[in-house]
Structures are given as C-alpha cells and as structure tokens.
Amino acid sequence: MTGIAIAFLLLALVLVWGGLIASILFLRARTELVTYPPGGEDDDHREDEAPAIRDT
Amino acid sequence: MTTGSAPQTAAPPREQWTGQVGFILAAIGSAVGLGNIWRFPGVAYENGGGAFLIPYLVALITVGIPILFLDYAIGHRFRGSAPTAFRRLGGRISGRWLEGLGWFQVAVAFVIGLYYTVVIAWALSYFVFSFDLRWGDDPAAFLTGDYLQVSDPGFSFEFVPGVLIPLVIVWLVTIAVLAAGVAKGVQRANVIFLPLLVVAFAVLVVRALFLDGAAEGLNALFTPDWEALGDPNVWIAAYSQIFFSLSIAFGIMITYASYRKRKANLTAPGLVVAFANSSFEILAGIGVFATLGFFAFQQGIEVSELEGLTGVGLSFITFPAIVSQMPGGPIFGALFFGSLTMAGFTSLLSVLQVVSAAFQEKFGLTTRQAAIRVGGVSAILSVLIFSTTTGLLALDTADQWANNVGIVSSAVLTTILIVWVLRKGDELRFHLNSVSTFKVGKVWVFLVGILAPIVLAYMLISRIITLIVDGYADLPAWYLGIVGWGTIAFIIVAAVVFTMLRWKRDPNDFTAWPEYAPVTKETRS
Numbered sequence: 001m002t003g004i005a006i007a008f009l010l011l012a013l014v015l016v017w018g019g020l021i022a023s024i025l026f027l028r029a030r031t032e033l034v035t036y037p038p039g040g041e042d043d044d045h046r047e048d049e050a051p052a053i054r055d056t
Numbered sequence: 001m002t003t004g005s006a007p008q009t010a011a012p013p014r015e016q017w018t019g020q021v022g023f024i025l026a027a028i029g030s031a032v033g034l035g036n037i038w039r040f041p042g043v044a045y046e047n048g049g050g051a052f053l054i055p056y057l058v059a060l061i062t063v064g065i066p067i068l069f070l071d072y073a074i075g076h077r078f079r080g081s082a083p084t085a086f087r088r089l090g091g092r093i094s095g096r097w098l099e100g101l102g103w104f105q106v107a108v109a110f111v112i113g114l115y116y117t118v119v120i121a122w123a124l125s126y127f128v129f130s131f132d133l134r135w136g137d138d139p140a141a142f143l144t145g146d147y148l149q150v151s152d153p154g155f156s157f158e159f160v161p162g163v164l165i166p167l168v169i170v171w172l173v174t175i176a177v178l179a180a181g182v183a184k185g186v187q188r189a190n191v192i193f194l195p196l197l198v199v200a201f202a203v204l205v206v207r208a209l210f211l212d213g214a215a216e217g218l219n220a221l222f223t224p225d226w227e228a229l230g231d232p233n234v235w236i237a238a239y240s241q242i243f244f245s246l247s248i249a250f251g252i253m254i255t256y257a258s259y260r261k262r263k264a265n266l267t268a269p270g271l272v273v274a275f276a277n278s279s280f281e282i283l284a285g286i287g288v289f290a291t292l293g294f295f296a297f298q299q300g301i302e303v304s305e306l307e308g309l310t311g312v313g314l315s316f317i318t319f320p321a322i323v324s325q326m327p328g329g330p331i332f333g334a335l336f337f338g339s340l341t342m343a344g345f346t347s348l349l350s351v352l353q354v355v356s357a358a359f360q361e362k363f364g365l366t367t368r369q370a371a372i373r374v375g376g377v378s379a380i381l382s383v384l385i386f387s388t389t390t391g392l393l394a395l396d397t398a399d400q401w402a403n404n405v406g407i408v409s410s411a412v413l414t415t416i417l418i419v420w421v422l423r424k425g426d427e428l429r430f431h432l433n434s435v436s437t438f439k440v441g442k443v444w445v446f447l448v449g450i451l452a453p454i455v456l457a458y459m460l461i462s463r464i465i466t467l468i469v470d471g472y473a474d475l476p477a478w479y480l481g482i483v484g485w486g487t488i489a490f491i492i493v494a495a496v497v498f499t500m501l502r503w504k505r506d507p508n509d510f511t512a513w514p515e516y517a518p519v520t521k522e523t524r525s
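First to last, the sequence lines map onto chains D and E. The C-terminal residue of the first sequence carries number 56 in this note's numbering, and the numbering is unbroken. The C-terminal residue of the second sequence carries number 525 in this note's numbering, and the numbering is unbroken.
Since the hints were made in silico from the structure, they are not lab data. Any given hint might turn out to be false.
[Unchecked claim] So, partial list: chain D residues that the calculated Cβ filter (under 8 Å) puts toward chain E:
1) Thr-2
2) Gly-3
3) Phe-8
4) Val-14
5) Leu-27
6) Thr-35
7) Gly-40
Ideal Cβ placement from N, Cα and C applies to all residues, glycine included.
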C-alpha cells in the first residue's frame, strides 16, 4: 500500500472506531442519570419474559 | 397532549427491551444492513476515496446523529409507534393530521419490507450456492437467467421457485420472530445474529487482507482525491449515505425508542449506535476493496477498470465471480452471503416492527395478531410481486422510489412540521436532556430544523427532477409510472386512509413525562 493510503486507512480507523470506543467509554462512565425529574413511573415491565442480559 | 387526570386503566402494558444493551444491539442491528456492505464501499470509492471521510463525518455529525436523536426523542417522549407518537405530539387538534405523517412512515416501511425480504431470500440462496459455486463461469448470466429468470418489464405471474421457496422461509421466520414480541423476539434475534455477523464479517475481512492484490484495492479506496471535496455532488453523496445507512426518518427509531423505559438514557447510547454503524461501514469498505483488489489482480487490470462495485451487481455478480477464483472460495462465499443475510434480517425485523407496532396500537391488536396479519398480508404481496420473472425490475424500481422519494420526503416533512409548524424543537431537546447523560445544545434544534431540511430537500427535489426528466434504468415510462410513482401514490393513499380510521383506544389518554412547562400552558384547552 502507498503511504498516503495507509495514512487515510489509519485516520478512518482512528476517527470512526475511535468514535465508537469513545462513545462506549462515555456511556459506561455515565450509564444513567443520577437524578430524574419527579414522576415518570414506568409502565408495566416485561423483563421476566425476556432473555437475561447484563446491563452496562 | 397532557390530559392531566385521565385514568389509564385501559392502557395495555407497553413491551420493553430488557435494558440498555438489548436496545443498543437491536438499534445497531437495524442500522447495519445491506447498505453498509454493498453501498458504502462503492460510494466512498467513487466520491473521493480517503477524502470522502471528511464529508462523511461532517454528514454523520451534522445530520445523521441529530435526526437519530430526533427520532429517539419523539418515540420515547410520546411512547408509541410513529402514528401514535405523532398523534400525541400534535396534541388534540394538530395530532389529527400529524398522525398522517406517522402512517406515511408506516406505509414506506411496509413497502420496503415487501422487497427487502426478497433480497435476503436471494442472499440465502447464494449462501447455499456458495458451497458448490453453482453460478459457474458467468455469474451475471446465472443471476438474471438461471436464478431470477428475468423477463421484459411488465407484470408476470410466472413464479420462480428458486426465489419463492427461500422467500417463504424468510417470511415465516420473520413472522415468528415478530410474533414473539420485542424482548423475546426482536431483541433475542439481534442478540444472536449481530455478534455472529460481526465475527463472520471480521473473518472475511482478515481473509481478504491476505489475498494477492488486496493492497491495491485498499489503495484505490483510501487514496484521497482532494478535488472531490469541491464537488457538491460528493457532499450530497455523503449526506445520502449517512441518511440511508442509519435507519432514520421512517419510523424505525421512533418505534424502537418507544420500547425503552421512561427513565432511560437516549443520546449516549445513540452515539454508540451511530458510531457502531459507521465502524461496520469502514470494516465493510476494507473487506470489499481488499477483495476487489484481488479480483483486479487476477484479471491483470486496475481496480478502476472493474465494474459492478455497488448494490445487487457487487453482491450477486462481482462477488460470486471473485469467490469462484479464490482458493477456499466456498467458505469465503458462505461468509459473505451469510453476513449479507444476517445484516439484512436484523434490519428487516426493525422495518416490519414499525408496521406491526402501528397496527397493534391503532386497532388494539396483540403482538401476535399484528405479526400474523401484517406479516401475512406482506408475505402474500411480496411473493406475488417479487418472486416472479418480473421481480427484479419491480424491486429495483420500487426501491428507488421508496428510498429516494419516500424516506427523504418523510424526513423533510418531519423536520419542517415538528420544528417550524408545531415548534416542538425545544420541548424535544428538553426531553433528551432530561433523561440523557450526553446533553444536546441549542445547535441541535438548528441542525434538525434548518440544515437537515435544506440538505434533504435539495436531495429530494434534484432526485425527483432526475426521475421525471431522465427516467430510471432505461425502463419504459408507463412502467415507472405504475411501479415507481404508483408506490408513492400507494404510500400517500395509505397514509390518508389509515389516519381516518377510528382508534380502538384514545391515543391522547396519555401524559408525556417529564412535564414541559411552557408547552403544557399553551396547548391545554
């Protein structure tokens, strides 16, 4: 591969995959808000019917 | 919209994802579809190569992610499929006509579901064909002749068993998954197929990188052509790619967001979904162009001399030809067509969930009833129209109009009506920020209210003019009138008719949370 093509391949990986990694790290650090506005009781849940998945 | 004291005893419990991860996987499964594999690599190559990265990222950040957030905000705040959410968003008066925009989106999704299944059926067939390289020495002749048995444009009822059988299988599996519900069906399918897709495609990419000529292919894809950045068409190509790739503006993300619990982070997972979608596109670009480099090397030509670099041509003509020449070709072919099938299937589920959810809510159907009725009607139409000898032409034409006219007008209408006519931009921004950890500034309202409609309206108008003046794919005008414009006419009629039908249960019997003070004062009657 030519130098410039390698540079752009790496740039694409850094920006796009880097963006993915950064957004995952951001979400892990701030998964949910600590305090919500009052109210907002949830509708009935159906978690018991679904496959178990560990939340982030 | 906020009715205050109305009791909600009649409200059926809303289905939910099992958590943030379930939602993220399903949303990525929806966004990562056929377009990531067969559209992005060729579009990037033809529009500046490495330099395309700049308009692509600009489009992602200025229109893709903002409209994704808009869909999330609408679906999550108003907790319904597109018609329900728009009806509630419009309030008791404007909601009556705004519901039509929701049904417009549902009708677009319905039409797309009819032919998207067909492409998955083809991919499934080719997955099987990979094992004995059944396409032989001339994959182009095999596709249109032996496999699809394509005849002249028109309407035939001569069924092609090779398409009919996998198509029926795809429909049966799809209906079964939809009938199982959001958590046990759609989410579970994504939890299985999305990781499998990533692993299968990663293996394919690694194999492709070790082929002779792979480096030449990557040179072709990544060498920047800076002059392209001065060409407005390159920028429009970037906005189109981002727009069509993210599954935005036709109800999918509204519907998916509505299944999240009320206290759920929206924007931060949205960023993960958007970047995961683009990450898969980059991966696909590397895999596809490394493979194309090998193909050019085998023929002793330049990558630039190759034809069939996108869409059906890339997947069902170019790739089979490459697989035939490759050591270990059958395994490579199976990985490619298996990936195509899985990527398509998880996107298909999201498209049909839009239709199923809308019918459940308006007509008080259960998940299973809606899946069987909507899926049954769709399956019959899909088989009648697309598994015949005229199926390929009908598919190509309907796809061109449903996407470029249908989805783009839906996006233009949504952004203009919500931000300009109903002035809900601030309320939706308030909603996103009330529940999310990644805050959006006022610039978000500018992006969805001004930049997005300008860019998308330009795309829409220029495409309509091209379709009227130049036609499409050298097909006769009468045929384009019936299949192309007829698709749009069907979508509009369906939107009007379904908006006028009675609700089984009053959709306005609902309170948006959290309360947005300025708006509730204005709209309470």
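Do the hints match the structure? See the list:
Annotation: D/Thr-2 was flagged as interfacial toward chain E, and the flag holds, the nearest CB pair being 5 Å apart, inside 8 Å. Checking D/Gly-3 against chain E: minimum C-beta separation of about 10 Å lies over 8 Å; hint violated. Because the smallest distance between the Cβ of D/Phe-8 and any Cβ of chain E comes to about 3 Å, under 8 Å, the interface hint for this residue holds. Restraint check, D/Val-14 versus chain E: the minimum CB separation of about 11 Å is more than 8 Å; hint violated.
With a least beta-carbon distance of about 4 Å to chain E, the hint placing D/Leu-27 at the interface is held under the 8 Å criterion. The interface hint given for D/Thr-35 is violated, since its Cβ lies 10 Å from the closest Cβ of chain E, which is over the 8 Å cut-off. Here the hint on D/Gly-40 is kept, as its CB sits about 4 Å from the closest CB of chain E, short of 8 Å.
Hints 2, 4 and 6, counting from the list given before, are not met by this structure.
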